[in-house]
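**Q** We have chain U; now place chain A onto it with these hints.
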Amino acid sequence: MRIFRKKKKKNNKTSLEEKYGMSMLYIIKRLIKYVGAQNRKYIPPLIILILTNILFSWFSPLIFRYLIDQGLGADILSGSGGNLEIIITAGIFYFLVTILSVLTRIGQGYIVQKLATITMYNLRYELFVKFQFLGLDYHDDPEKTAGKKISYLTNDVNSLQQLVQSGLLAVVGNFFLVFGALAFMLFLSIQLTLVIFIIIPILFIAGGFLFGKARKYFKELRERVSSVTSELDESIMGMRTIQSFAVEEYNYEEFNEATLDEKETSLKSAKLFAVIPGFVILVITIGLGTLFLVAGILIRDNIITIGTLVAFIFYMFQFFEPLIALIGFFTLLQNSIAAGARIITILDEDPSIQDNPDSIVLKSIKGEIVFKDVEFYYDESQPVLEDINVRIREQERLALVGYTGAGKSTFIKLLSRFYDPIKGDIIIDGNNLREVKIEALRNKMGIVLQDNFLFSGSIKENINYGKLDATDDEIIKAAKKVNAHQFIVQLEDGYDTIVGERGSNLSEGQRQLISFARALISNPPILILDEATSAIDPYSELLVQKALETLLRNRTSISIAHRLSTIINSDRILVMDRGKIIEEGSHKELIEKNGFYKHLYDMQFKDPFKKEEIEYEEISIEDLREDIYDKDDRFSGLI
Amino acid sequence: MNREERGNFFKRRERFIQNPSKTSVRLVLSYLWDYKFRFILISGLGILQSALFLTIPLFLGPSLDILVNPANSIEEVYPLFLLMILIQVFVAILAGIRIWINRWVGTNIIYRLRTDLFSTIQLMSFSWLDSHKTGDLLSRTTSDVNLLKEFLGNNLQMFIRQFVTFSLSFVIMFIINVELAFYVLSISPALFYVLFVFRKKMRPAFKKSRETYSDLTHDIQENVQGIKVVKSFARENHEISQFTDLNDEYYKDSIKIIKIQATFDPLIYLIDNAAFLIVLLLGSLFVYNDSITFGALFAFILVMNFSVEPLYFITRFLANMPQISEVSERIASILTSKIEVKEKPHATVMPSINGVVEFRNVSFKYNHENKKYILNNINFKTKPGETVAILGGTGSGKSTFVKMIPRFYDVNEGEILIDGVNIQDVTLKSLRKQIGYVSQERILFSRSIKENIAFGNRNLEEEEIRNAANIADINEFIENELPKKYGTKVGERGMTLSGGQKQRVAIARALAVKPRILLLDDCFSSVDVDTEYEIQKKLKDAIKNTTTFLITQRLSTVRHADRILVMEDGEIIQSGTHQELINQKGGVYRKLYLTLEVEGISK
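Going down the list, the sequences are from chains U and A. Take 19 as the starting number for the first sequence in my numbering and just add one per residue. Take 813 as the starting number for the second sequence in my numbering and just add one per residue.
The following block holds chain U by itself, in its conformation from the complex (with noise of 0.2 angstroms):
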């Protein structure tokens, strides 16, 4: 037995440790904790039928043995001497035991599955609302996936689960049980326990030596298993990628051999589990050979009765069950214990942005903001936003520009709190942003994403999104506002047409018009947009563009864009890099001082190829104009 543990530990803990910086016994504990805070009333009653059902365990045996020694009678071989009312009574007090067993194990069962049910339920409300807390800086993590996020919420949930309730059935009554019956059995006869104390050793050392070997190809599998599946996850999802380089031959060459690697792995490791089974067989044979060889002799010496030796056979099954019970609960708890770590790691995860317990609620807004002296950075080296002093005055539109990783994103992730400031302050309407409570701040601002993305429920749903309580009138009225009504009524369900999984059957046009019309209605003091416009393609930007006008109208407004066309309009244009503001003032003040910015613009509308000016027709704005909206219905919209 030593053997074999001091093996697994080390073994898990090198894995366990190194990946997620816990050992086993530390989830465990983390785990048990879990389940029992939560379900307190349920533990006594649970013990107490566990206790209950055991002592019936223990009991049972007895019967037999009076049944067999009183009943039968000391003499059974010559048939007489019995006493048939004895093995009436025994019969029914066997029977009564039976029925009150049959209680308890129903009790016991559904309070052990209730009890993994509720962690469950436990664990997935915790996770999901952790999730919700959890800040960008969280879900912006390129390593955390959504496909991760959701397999968290799902799959390693249901197997804690499964673990929790084996957990529950194989250790906690078992223990009893083993050392019960152990107690029993040396009650009963020495001389017998002893015989069953002789196999037990050679039963462990050879199952120990054959457990370890198992481990090891039980780590080599599941390792060849994830390649498998890493290699499977990559082919299909760039299987356009593979197809369009008619490279499906090498690909499958690729495949095959990690699926060859598997299936070399696993019939490496079938003939070790050929050998297992028959050696249990053996083990089993020859063990009760001996007992029976033993039994018989003692019997014979009448120094023990029948009855006790048949009694003795049920304990020590008593004895063996839950041992194998337990190799079970070992093998699940090996296959689950990552799930635990990593549900730990995400619930002691804490958000970086917490609302204070003095926070003031916002009740209304003008949208008058300044930064303050605003300096922050992910990582002390590398500054992302220094020195950042702006007063964004009510109601005015003010974009910012410059290359990725100038720090943009930032200083709307900053203005938004989904980060707070190293240094300096960030001030709506006279208020410390950091006194401020989350919810109601964002509830008074609207952010339009990069990537449009719906739910997928009705276009009603989504637009009212927004705003939960909006009433049909006020979903249409803002649809209207954002020109997405027309093409939304000549959709097959108008409003309540189902927009597929991320939005799919709806254009890049559309899906922008409808997160702007979600954004518009509820009416947001202040509005941000975070490259709104960019995935669009310029056919759709003219229409998006006009909504865009509509959308800014009446409160203060951030964008930044990295199409210039979209922002020119802006009161105030910042220019930022490397995380300072280095050009500020309108389009036309910004191109006439020749800076930064005019390179920028100039970037965007100069041929690459061609140096000279392409010649065409000299024309006015007025005739422009004309040209554009007339008698085209694509544009009427715009007008």
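If you're looking for bench data, these hints aren't it; they were derived computationally from the structure. All values reported here derive from a predicted model rather than from experimental measurement. Among these hints, one or two may not hold up.
[What the hints assert, rightly or not] Cross-link-like lysine to any residue pairs, in silico, SDA-like; alpha carbons within 25 angstroms at most:
| hint | chain 1 | residue 1 | chain 2 | residue 2 |
| --- | --- | --- | --- | --- |
| 1 | A | Lys1350 | U | Tyr619 |
| 2 | A | Lys1064 | U | Leu121 |
| 3 | A | Lys945 | U | Asn176 |
| 4 | U | Lys289 | A | Leu853 |
| 5 | U | Lys166 | A | Gln1037 |
| 6 | U | Lys455 | A | Ser1053 |
| 7 | A | Lys961 | U | Gly346 |
| 8 | U | Lys485 | A | Asp1057 |
| 9 | U | Lys289 | A | Ile899 |
| 10 | U | Lys441 | U | Leu152 |
| 11 | A | Lys1071 | U | Leu114 |
| 12 | A | Lys945 | U | Ala164 |
| 13 | A | Lys945 | U | Leu152 |
| 14 | U | Lys485 | A | Ala1046 |
| 15 | U | Lys381 | A | His1050 |
| 16 | U | Lys234 | U | Gly346 |
| 17 | A | Lys1154 | A | Gly819 |
| 18 | A | Lys1068 | U | Arg258 |
| 19 | A | Lys961 | U | Arg240 |
| 20 | A | Lys1020 | U | Ile516 |
**A** Relative to the frame of chain U, chain A by itself:
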């Protein structure tokens, strides 16, 4: 070996598609059927093993009778014990052989099944891939296959064996004592009744809980994917309450199942014990009446005990059957999928492409049931080495247009010719090898940057790889910023490429095959303006003789093209050079250009 396996795959596929009436479970079982002799051998060995194992009580009972009677000498039992042990040694060897063959068969079936699934997915065309979600395919090829592995490689075999053990134990009971065995048998209807009732009760409960679970999963998926929207509207509490409703419902469903389940096992236990009690009481009476020996009664009880475990296994096995047929269905639906873009039986090899791409009356729609065509009667012809830019709104068909050229989809009407050859007459490989396609998706594989660039052609020289990277303007980044330069593995811990960097690697990957036709499908969307400018400039020289189709969102990079196509609703509505189009009064291109650029500038 490899090639042979591939050949067998195509044979099997042929078989599946020609017999579509086969049920899914039968299709999956046909994988087992390929190893039928081994399977029969295993079953035979299993039955033999069970039968021999069940003889243990037959030895123990009589020996007990001999032993306890002081009139007999102890030596009399030795041969019995010896024989018993010898038989069990034989059983152990049998078991070993059986299990080994069994595992071998299981492993091979799964290997075949998985590679067949993989090969099928590889064969499927884009439209099939479009209609199957990645996650779904992955779960079918991993967890579903694993379930089948358990089933085919273990449980099915085990079921046969346990069933035989169960039946044989009854036979042995009858051998030991007919009357007792008869009483035990009389209880079994109760057992089957309980089984039947439970299955009937469980099914709707399971179905309901599965449905709720799938709703719950869906809610979770939506929430996790849209977490930024949730946060930006401060809708956390709304989401939590929505989630809680489903979580509650799932909890209730689970408890309902538990209530049924919690009584099931104890009831079986009750029946089992009732049988035991009957045997014990009646047996005792028989011993009392001297109609059987105590040893025989003892053996009888031992045999009865051996039949309990198989019983539990059989019930569990039967309870799992619906799941197996569900899984089989999912797997069979992949294996029997039809290929939409098919090579002709005698397709020829596409000769080296000169670069004349011609669309003749091409119409196309993704789904035959759709009324609307995505491409509508397109006629178009390039000159070799021409650069064609395509402009159009989402849904105008521009992306579909370029995807038709490597035959990712087949036309519904008309034909596409390259250098005068219909692309449906040549092998896909020879066609696609000469075409470079860069999509909007930024799919890189988790291998080194070098291997990613050399993805289409593994025999590239370092120099050529670097050259391609250089044109895509990513060489400098790789050399200066990545820890292992070209050897850096994509997706390795702490190594995350930005969207733009990924796109640039993808461009380099397409350039590395030195394509004769290059399709750039909106692949600059995440690249900075400056960089796109650089890349376009370098491209111009590098691919002088390559016919290029370019879809981009930036008008500034469109105008250098030799020709600009403007698409709308699946039709080409304008075609010409920038100069020509800019002067087409009332034309869409002119409108776009003037509004977005000139209006901006003149403000």
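**Q** So which of those numbered hints doesn't the model satisfy?
**A** 13 and 18
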